[in-house]
Amino acid sequence: MKKSFFLIFILLLHWKALLAQDNAVKEAIEYLNKIRKNPAWYSKEIGVDLSTIQARPALQWNDTLARVAQAKAEDMLKRKYFDHTTPEGKGINILIYEAGYGIPKEWTEPASSNYFESIVAGVTTPKEGIVYLLKDKGEIDHRKAGHRSHLLGIDKFYANLTDIGIGWVKGGSLGSYLCVIIAKKKW
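According to mature numbering (1 follows the signal peptide of the UniProt record, and there is no 0), the sequence shown holds residues -20 to -1, 1 to 167 in order.
Since the hints were made in silico from the structure, they are not lab data. Predicted, not measured: the structure shown is a model, and the values here were computed from it. Take these hints with a grain of salt, some might be off.
What the hints assert, rightly or not - Pairs of lysine to aspartate or glutamate, EDC-like flavour, derived with a Cα cap of 16 Å:
| hint | residue 1 | residue 2 |
| --- | --- | --- |
| 1 | K166 | E78 |
| 2 | K24 | D116 |
| 3 | K117 | E54 |
| 4 | K14 | E25 |
| 5 | K107 | D2 |
| 6 | K58 | D43 |
| 7 | K150 | E54 |
| 8 | K165 | E68 |
| 9 | K58 | E78 |
| 10 | K6 | D29 |
| 11 | K70 | E89 |
| 12 | K166 | E86 |
| 13 | K107 | E10 |
| 14 | K150 | E108 |
| 15 | K150 | D55 |
| 16 | K6 | D143 |
| 17 | K70 | D55 |
To be verified - Ranges between beta-carbon positions, derived for each pair:
| hint | residue 1 | residue 2 | range |
| --- | --- | --- | --- |
| 18 | G27 | G80 | 31 to 41 Å |
| 19 | T32 | D2 | 32 to 42 Å |
| 20 | E68 | N18 | 32 to 42 Å |
| 21 | K17 | S153 | 35 to 45 Å |
| 22 | D29 | K136 | 32 to 42 Å |
| 23 | E119 | D63 | 16 to 26 Å |
| 24 | A38 | S153 | 28 to 38 Å |
| 25 | N18 | D63 | 29 to 39 Å |
| 26 | N3 | T32 | 24 to 34 Å |
| 27 | K24 | R59 | 32 to 42 Å |
| 28 | K24 | K85 | 35 to 45 Å |
Ideal Cβ placement from N, Cα and C applies to all residues, glycine included.
Throw the hints in and build the complete structure from the sequences for me.
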């Protein structure tokens, strides 16, 4: 009887942690979409002048991208690396392609290709990670700020992206790992 209560207790704790993680990821996506809708309004809050950035449509949640992003964040934690490529040399393009997300096969070569992923480690929440990526180490020139360009759709390629998936996990030597995938299927 005690074992059953203990297992139920553990399952409830795990469920509560997953729900909190889902809410934190949802908050990050909502926040990013608000910024995409009116970048200039968030300049002061982000600490970067976004007044010249064109508004973009809201990104749509994609379960496939979310599964890949979560798996990538968990893999970085488990195998103790922080990189756009796995230790086997696979970039996000091939990972989302293998998961069934419809990008052109030629974009998976070389295997390390990454057109769609922004990552950060050591943030306390996914929303904080979005802010960190938008600041892009203080880069003022938007053309040189790769994460900002990716998240806000600044250049022509990124402006066409429509789908998002976020993976986030706490733990490890860096404290947390956040993986943001923004892409578009059916090119």
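Hints and how they fare:
Between K166 and E78 the alpha-carbon distance is near 15 Å, which keeps this suggested pair within the 16 Å criterion. For the hint pairing K24 with D116, the CA-to-CA distance comes to about 15 Å; that is within 16 Å, so the pair holds. Between K117 and E54, the direct Cα distance comes to roughly 24 Å. Violation of the 16 Å bound is thereby established for this hinted pair. The straight-line distance between the Cα atoms of K14 and E25 is roughly 12 Å, inside the 16 Å bound, and the hint therefore holds.
Distance restraint check for K107 and D2: the Cα-Cα separation of roughly 12 Å lies within the 16 Å cut-off, and the hinted pair is therefore satisfied. Of the supplied pair hints, the one linking K58 and D43 is violated, its CA atoms being roughly 22 Å apart against a limit of 16 Å. The suggested pairing of K150 with E54 holds, with an alpha-carbon distance near 9 Å, which does not exceed 16 Å. With a C-alpha separation of about 25 Å, the suggested pairing of K165 with E68 is violated against the 16 Å cut-off.
For the proposed pair K58 and E78, the alpha carbon gap of about 21 Å is over 16 Å, so the pair is violated. Restraint check: the Cα-Cα separation between K6 and D29 comes to about 25 Å, which exceeds 16 Å; the hinted pair is violated. Restraint check for K70 and E89: the C-alpha separation of about 10 Å stays at or below 16 Å, so the hint holds. Pair hint K166 plus E86 holds up; C-alpha atoms about 13 Å apart against a cutoff of 16 Å.
For the hint pairing K107 with E10, the CA-to-CA distance comes to about 9 Å; that is within 16 Å, so the pair holds. Restraint check: the Cα-Cα separation between K150 and E108 comes to about 13 Å, which is no more than 16 Å; the hinted pair holds. Taking the CA atoms of K150 and D55, the gap is about 12 Å. The hint holds against a cut of 16 Å. Between K6 and D143, the direct Cα distance comes to roughly 14 Å. Compliance with the 16 Å bound is thereby established for this hinted pair.
At roughly 12 Å between alpha-carbon atoms, K70 and D55 fall within 16 Å of each other, so this suggested pair holds. The hinted window of 31 to 41 Å between G27 and G80 holds, with their beta carbons roughly 38 Å apart. For T32 paired with D2, a C-beta distance near 34 Å keeps the hint of 32 to 42 Å intact. Separated by about 41 Å at the C-beta atoms, E68 and N18 satisfy the suggested range of 32 to 42 Å.
Between K17 and S153, the C-beta spacing of about 36 Å keeps the proposed range 35 to 45 Å intact. In this structure, D29 and K136 break the distance hint of 32 to 42 Å, their C-beta atoms being roughly 21 Å apart. Between E119 and D63 the beta carbon distance is about 20 Å. The supplied range of 16 to 26 Å therefore holds. A hinted range of 28 to 38 Å holds for the C-beta pair A38 and S153, which are about 35 Å apart.
Restraint check, N18 to D63: a C-beta distance of roughly 33 Å satisfies the suggested window 29 to 39 Å. Under the hint 24 to 34 Å, the C-beta atoms of N3 and T32, about 33 Å apart, fit the expected range. In this structure the hint that K24 and R59 lie 32 to 42 Å apart at CB holds, the actual value being about 39 Å. Here the CB-CB span from K24 to K85 is close to 43 Å, well matched to the stated 35 to 45 Å.
In terms of the numbered hints stated before, the structure departs from hints 3, 6, 8, 9, 10 and 22, listed from lowest to highest.
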